[in-house]
Amino acid sequence: MQRRPLFRGGHCGVLRGQCKREQGEAPIAGSAPRRRTMTTPRRRTQPAKASAVQRRSAPGASSKASSKPASKSPSKPAASEAMPAAAALNAMPRPEAEPPPPSRSAWLAQVLRERIITGGYRPGERIREAQLREEFGFSNGPIREALQAVVADGLAERPPFQGVRVKLLSKREIVELFQVRLAILEYAVELAARAATPATAKSAAEIKRSIDEGFSRIESGHPAFGGQLSQWLLAATGNRIMCEIWDRTLQQTLIYVNASFVRSRGRKSKAMVHALIDHIAAGDVAEARTSARALTVQTLADLGISAVL
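Residue numbers (full-length UniProt numbering): 1 to 309.
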């Protein structure tokens, strides 16, 4: 029986020619040649490296791991061994660390405070940067920082386009400032008198000698009243908040207290200061408060200011 061809012409002829070529026979005449297509070679993928977990779980890994000796963790020293080491460390002499020296600006600010309080610079007097540069040899930076510090303390002020000058108060401002000073001073002497001890009497004798030295320098025009009485009194109260308030707001009253001492030559004020110190050391609260008020009134009177406090 003769086989009939399944495909005829067109695409069938192409397929017949392709089949003939695959079988090694010549293609039929008239059939279209086969088109060669370019195929991109596939990249060989390397086998992924086994992770540490897979290597440990491999069959041969257990035998290798078991052949190595197990490393022992270092044992902690016993408490009896650690104690002598700690005791030896504590017994070693510790270096005596000294506090760092103050910066130039801080040192200069303290010098300016003392000059303002003791009358070296009078109220309203300008503090010139050029003069400070010539005197101390500092650059502009530390000088300006020091001036800003005394301005922040309330001892100086910086009017627009006028530089820095010692703060100048009106009579009304001085009276108001001393009213606040007296309110704190009366309560401070009361606290100090209540807390008086034999050590207070000893320190009272020392502060009186220091104040007498300040009065003795009035004649030379360089009084040395740097607020010793206020510092001694506030330290005797034991009230830290009161000390902070005094330093922040009432430090400028020392300018006018020292000015009154210089103006009156301390004829009455010196005896009043001694009486106040003696009453505090004796623990006499009532007399200490009376002396504080009398001293404040006399201070304003020496400045030429009469006011009801």
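Check the hints yourself; a few may be wrong.
As the list claims (entries may be wrong) - With a straight-line cut-off of 27 Å between C-alpha atoms, the simulated DSS-like cross-links for lysine-lysine are:
| hint | residue 1 | residue 2 |
| --- | --- | --- |
| 1 | Lys171 | Lys270 |
| 2 | Lys202 | Lys268 |
| 3 | Lys268 | Lys171 |
| 4 | Lys270 | Lys208 |
Think of the hints as simulated: they come from the structure by calculation, not from any bench. In this text the structure is predicted, and so the values were computed from the model without any measurement.
Each hint, compared with the structure:
1. Lys171 <-> Lys270: It holds: about 24 Å lies between the C-alpha atoms, which stays within 27 Å.
2. Lys202 <-> Lys268: The given pair, whose Cα atoms are some 24 Å apart, holds under the 27 Å limit.
3. Lys268 <-> Lys171: Measuring from Cα to Cα gives roughly 22 Å; hence the hint holds.
4. Lys270 <-> Lys208: 10 Å, holds
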